[in-house]
Every structure is written in C-alpha cells, then in structure tokens.
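Here's the letter readout for the chains.
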Amino acid sequence: MISRILQTILDVASHLKIKIAVIGGLALPAYNVARTTLDIDICIKIESQKQLNLFVKGLKENKINTKQKPKIDHDLFTVFGKRSEAEIWLKPCDAFQWDDQMIEKLHLFFGDVKVLAVEDYLLTKLARSDRSAVDIDDVLKIIIANKDSLDWKYFQFRLNWESLENDFKDIIKAFELDAKNNVRSISSDILNKFNNLL
Amino acid sequence: MDQKKLKRAPINITLADIERAYKKVEEFQRLIERGKTPEQIFKDMLRLIEVDQ
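Taken in order, these protein sequences are the chains called D and V.
The first sequence begins at 527 in our numbering and counts up one residue at a time.
The second sequence begins at 702 in our numbering and counts up one residue at a time.
Hints were generated in silico from the structure; no laboratory data involved.
Be aware that one or more of the hints could be misleading.
[Claimed, not checked] Here are some of the chain V residues that sit facing chain D, going by a computed Cβ distance under 7 angstroms:
id, residue
1, 712
2, 719
3, 729
4, 739
5, 743
[Stated by the list, open to error] Once the Cα atoms are required to be at most 30 angstroms apart in a straight line, the calculated DSSO-like pairs of lysine-lysine come out as:
id, chain 1, residue 1, chain 2, residue 2
6, V, 744, D, 583
7, D, 631, V, 737
8, V, 725, D, 651
9, V, 744, D, 593
10, D, 589, D, 576
11, D, 545, V, 744
12, V, 725, D, 719
13, V, 724, D, 673
14, D, 543, V, 744
15, D, 651, V, 737
16, D, 589, V, 744
17, D, 695, V, 724
18, D, 699, V, 725
19, D, 545, V, 737
20, V, 725, D, 631
21, D, 651, V, 744
22, D, 589, D, 640
23, D, 679, V, 725
24, D, 608, V, 744
25, D, 617, D, 543
26, V, 744, D, 673
This structure is a prediction, so every number in the text was calculated from the model and none was measured.
Built from N, CA and C at the ideal position, the CB exists for glycine as well.
Sequences are here, hints too, so could you generate the full structure?
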C-alpha cells in the first residue's frame with residue numbers, strides 16, 4: 527500500500543490514460559539510491575488543456591485539491607490531500623519538455639509506479655535551473671550504482687540534446703580524481719565507459 | 702534558457718564528495734543484502750514524508 531495521495535493521483539491518471547512518473551528524491555530507490563526527502567514530485571504528460579482540466583476535476587472528486595488554476599503551459603502545480611501534498615509537474619524538468627522517446631523509456635518500478643529511465647532522470651538533475659549540490663550528489667550516486675546498466679550512448683545523446691556535455695565532463699573529472707587517489711576500480715570502469723563514447 | 706543556466710550551481714566535486722557518494726551507495730546495497738527491497742525503501746520514504754507533512 528502506498529500513500530493515499532500518490533495512489534489517488536496514479537489512479538486518476540490511469541483512468542484518463544495520462545502517462546505519469548514519480549520524479550525527484552522519492553524516485554531514487556528505483557535507481558538503487560536513497561536519501562531523505564520532504565517532497566512528493568510527480569510528472570504527467572498532458573496532451574491538452576481539456577485533459578488537464580479533467581485530471582484536476584478527477585483529483586478534486588477524490589478530495590485532492592489545488593488552489594491554482596493549472597494551465598498546460600505551466601511548469602507545475604501543487605495539490606493537497608488530507609494529510610499531505612504533492613507537486614505535479616507538466617514536464618519532467620523545468621528545462622525541457624517530454625518527448626516520445628522519454629515516454630517509451632518510462633520504467634515500471636513496481637505496481638503501477640513508473641519512473642523515468644535512469645538516463646532521463648540524470649538529465650533532470652543536471653538540467654534543472656535551480657540545480658544544487660544535492661542534485662550533483664544524486665548524480666554521483668546514481669552513476670556509481672548504475673554504471674553497468676546505464677545506456678551510456680543514450681545518456682550521451684541526452685547530454686548533447688540539452689548542451690550539458692561540459693557539465694558532465696566536470697563530473698567525470700571527479701571520477702578521474704578518485705581513480706588517481708584510490709585503488710577501487712569502479713571510478714576507472716566509469717571513466718572507461720565514458721571515454722569509449724568519445 | 703540561458704538565464705536559467707546561469708542559476709545552476711557550478712560543479713565543484715571534491716574527493717570527500719565522491720567518497721561520501723560511494724559510502725551512500727554501499728549503505729543502500731547493505732539494506733538490500735539485509736532483505737529490504739527498493740520498493741520497501743520507497744514506501745518507507747513516503748511514510749516519512751507524510752509524517753513530516
């Protein structure tokens with residue numbers, strides 16, 4: 527059983543055939559990483575204002591309300607349940623929109639909970655306009671935990687797509703630093719996988 | 702878009718940062734080895750969020 531607010535949002539989205547994924551810190555366990563977080567962040571793929579209105583109406587019928595009047599060109603809106611709240615994003619990240627490949631690559635975590643592909647999730651962390659040190663920590667942990675399963679070619683495509691190649695090179699420098707100073711092989715493996723793409 | 706990029710924190714990763722990242726990944730792996738699943742960890746996080754809110 528997951529929280530009522532999350533289950534209701536998933537149910538309403540499913541009823542309206544809206545693609546939906548958990549994002550933010552709460553999604554981290556799907557990538558074999560965890561940290562404390564205070565937010566429930568969800569992103570939905572909305573096709574029209576009419577569909578968005580139906581979604582908001584469906585939530586309201588289930589006692590989940592918003593004080594905003596969400597518009598299809600907004601980034602996000604906040605909804606409130608009896609005991610909790612959630613932020614519902616209309617795009618995976620404030621810096622970019624959904625695209626078909628991102629939708630195709632949505633990953634079923636468990637039950638009806640889906641998350642972005644790990645490469646797309648990494649992009650949300652690197653591209654967000656208010657990127658913080660916590661986001662960079664998350665990127666490091668995700669790369670370490672997923673170095674063998676990461677689709678490095680697709681990730682490279684996404685980095686180019688958002689012009690983030692140089693940002694990621696700064697992250698790679700950290701693994702170079704580690705490889706020089708420590709005997710563990712994981713950083714060297716990560717460097718090899720990245721360098722094989724160049 | 703360019704204005705947004707200006708607000709991003711610069712990436713300055715130290716050896717201590719990367720050491721901490723490795724430790725956190727190991728801690729998660731230990732939880733998995735002890736029988737916790739990522740799904741259970743997700744649900745635990747959700748419960749903590751709801752208590753906080």
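The hints, checked one at a time:
no.	hint	verdict
1	712	4 angstroms, holds
2	719	5 angstroms, holds
3	729	6 angstroms, holds
4	739	4 angstroms, holds
5	743	4 angstroms, holds
6	V/744 - D/583	27 angstroms, holds
7	D/631 - V/737	26 angstroms, holds
8	V/725 - D/651	18 angstroms, holds
9	V/744 - D/593	27 angstroms, holds
10	D/589 - D/576	20 angstroms, holds
11	D/545 - V/744	21 angstroms, holds
12	V/725 - D/719	22 angstroms, holds
13	V/724 - D/673	16 angstroms, holds
14	D/543 - V/744	24 angstroms, holds
15	D/651 - V/737	26 angstroms, holds
16	D/589 - V/744	22 angstroms, holds
17	D/695 - V/724	22 angstroms, holds
18	D/699 - V/725	20 angstroms, holds
19	D/545 - V/737	28 angstroms, holds
20	V/725 - D/631	27 angstroms, holds
21	D/651 - V/744	22 angstroms, holds
22	D/589 - D/640	23 angstroms, holds
23	D/679 - V/725	26 angstroms, holds
24	D/608 - V/744	18 angstroms, holds
25	D/617 - D/543	16 angstroms, holds
26	V/744 - D/673	25 angstroms, holds
Comparing the model with each numbered hint stated earlier shows that all of them hold.
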